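Listed below are the residues making up each chain.
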Amino acid sequence: MIAKSVSSLMQTIRRFTSLESVISISILSLLIIVGVMIFYQQFRYDEKIFNIPVMQYGIRAIEIAGLEPEGFEPMSDRESFDQATLSDKIDGKADLYLEAGFIQLITGRFISRSDPANWFEFYLYDMELPRNAFSVYSMQKRENVTDQDFTEFAYSTENAVFFANGNYYVEIIAALEDASIVRDMISMSKNFIARYPETPAELPELAYLPSENLNIETISLILKNGFGYKDFNNIFTGTYTLDGHKILAFVSLRESAEQAESLAASYDNFISEFVGPERLKPDTDKIPGLTVADIFGEYEIFFVKGDVIAGIHSAQDRNAGEQMALKLYKKISELEK
Amino acid sequence: MNTVKGNEDKIDRRGFIKRMTKAGMSIAGACALGYFFHDPTGPTGISEQPLVSVPDFSMPQAGKKMAIIRGSSRTETLTKAFEAIGGIESFIKKGDRVLLKVNAAFASPPILSATTHPELIARCVELCYRAGAEEVRVTDNPINDPATCFRLTGIESAVKSEGGKLLFPKNDFFSRTSVQGGTLIRNWPLLFKPLEGITKLIGISPIKDHQRSGASMAMKNWYGLLGGQRNIFHQDIHNTIKELSMMVRPTLVILDGTTTMMTNGPTGGALSDLRNTDTMIVSTDQVAADAFGCSMLNKTVKDLPFISKAAEAGSGTTDYESLKPVII
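Protein chains in written order, with the numbering used here: chain A, 1 to 337; chain B, 1001 to 1328.
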């Protein structure tokens, strides 16, 4: 029985051809190549496996060496961080940038040649678009600052300088509270702007915010998830002081009047999820289609004018909120003409 | 089946055995190669090392204590706080080996209050030695380069000035841990080596605003004991902090509200992000410390879900007044 099986197998082997050998060698070679590729690839970290968004943009080559003010020299190597590594530098603050179009961060420390305690760190955030850069600038703007005029959006504090310039948002932070180092950091800011001149951010929506009673430092651009609503994006906000009340006004320019109406309707539905569909009758009849919603004692007041949706968010005082909404409406109407 | 001319030679038994041997060796070789390439841990890199856990360093016998001391001098308020809870000797005994887990997350200067203030650390090291500690270690796993962080924050010189032992995190300092009853911190690298052999653990952290969690205080400070790609925990930060509180049972926590980072945390950057709140909190209960500490940020327990979650997990109480804090 065994002898018969062996004989049969031997007959099969006799059918081996040189062609089959060639095919076998080819397959084995292919398997070896695949094996080598797997071996090589396993040493390479692939961000896609972990669902971290991989940068799709061309990273601009930016050099910060040589920008330092007179009397300073580099204290550390230049470092750069991308979307996957940003949190290695700024930890929990990374999301603020990542949600606003962040591409890369470049940092470097510079130290005074005469005083080793006198150093500062330069943070350059490439935000891809001027609007994105303005957004992160505005979202973090401090109170009681000194406005600077070396670029459109810039200010300094006792120990730091902050500005948005085109696609870039820059922070320069000193280790000391000292007026002279602030001057040095402003000098470096000017050097940077001279080396990398940028197109200023176009922010036509700012014109919709009436200037009277506006606390100018509070202007912010919310790029996503405004007021907790996922479809509310590209919203400019500013805080007004009216009759002793702090009032947060907002405007958002949409692509068309239809889109503005649609967004207003969906925002109204969003509010209904919390407080139901009932709305208050507005005290003013000068704003067509004005919505006034009582949200647990605070008032959400909004309207659509052309392709703009605007209003007041979380007003503590309804009367002051409606007054401010009317001022906003008038301003938008003026600009529409 | 067609055959190719010239390949019809008879095969004898010897030839057959040779060919079978070659075929067998080929199969064995392929298997060996497969075994060589086989990754038993998979893409997540799961280690087969035994898991470690942080020992319980709490001292129930010392009772639940809390002190809230007002003042602008950290060295004075810390000293008074220890006195108010019965003296540091109630917690640190002769021969103790103490670990101070500080917040050295960023390579930023002390004036930004983004990290534990070096004066506070120096004073704490000094007081521990004075109470009889045999060794005082200081550690953290910073976000930025450790050597730069410890140097620029002033922590390195503060620790050395008082004879403390600064432990920079190294690769072999990490072992894997899973939080018992946790769902997030599972099989995760823990900065364990500095914890080995110690008898007391004290957390020292500043009070800061935090973009993601709303606040960074005593419980969030344990985040610095984690290794790996820990930023993924920011996706569920409140439950992560809860699990950190379950993972670590400290002897004491010191929450520094002398200067509070009110905005733009956790990094800050401008002095205008800070406010002098002139308060030092020392507590045996980390949840109670945070429950009071949030008031420095003008927040309440309701604003910071991780505090209630930690309390529900049994890490402490949100009712800090139940500890009858000594307020000076």
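Do not take every clue at face value.
[As the list claims (entries may be wrong)] Derived BS3-like pairs (lysine-lysine); straight-line CA-CA distance at most 25 angstroms:
{"id": "1", "chain 1": "B", "residue 1": "K1018", "chain 2": "A", "residue 2": "K230"}
{"id": "2", "chain 1": "A", "residue 1": "K246", "chain 2": "A", "residue 2": "K190"}
{"id": "3", "chain 1": "A", "residue 1": "K4", "chain 2": "B", "residue 2": "K1302"}
[Unchecked claim] Chain A is nowhere near these chain B residues, computed Cβ spacing over 10 angstroms in every case:
{"id": "4", "residue": "I1027"}
{"id": "5", "residue": "P1050"}
{"id": "6", "residue": "K1093"}
{"id": "7", "residue": "L1112"}
{"id": "8", "residue": "E1119"}
{"id": "9", "residue": "T1148"}
{"id": "10", "residue": "G1269"}
{"id": "11", "residue": "A1270"}
FYI, nobody ran anything at the bench for these hints, they're computed from the structure.
Small disclaimer: the values here were computed from a predicted structure and weren't measured.
Just so you know, even glycine gets a beta-carbon here, dropped at the ideal spot from N, CA and C.
Hints versus structure:
{"no.": "1", "hint": "B:K1018 with A:K230", "verdict": "72 angstroms, violated"}
{"no.": "2", "hint": "A:K246 with A:K190", "verdict": "35 angstroms, violated"}
{"no.": "3", "hint": "A:K4 with B:K1302", "verdict": "85 angstroms, violated"}
{"no.": "4", "hint": "I1027", "verdict": "12 angstroms, holds"}
{"no.": "5", "hint": "P1050", "verdict": "26 angstroms, holds"}
{"no.": "6", "hint": "K1093", "verdict": "36 angstroms, holds"}
{"no.": "7", "hint": "L1112", "verdict": "7 angstroms, violated"}
{"no.": "8", "hint": "E1119", "verdict": "16 angstroms, holds"}
{"no.": "9", "hint": "T1148", "verdict": "7 angstroms, violated"}
{"no.": "10", "hint": "G1269", "verdict": "5 angstroms, violated"}
{"no.": "11", "hint": "A1270", "verdict": "4 angstroms, violated"}
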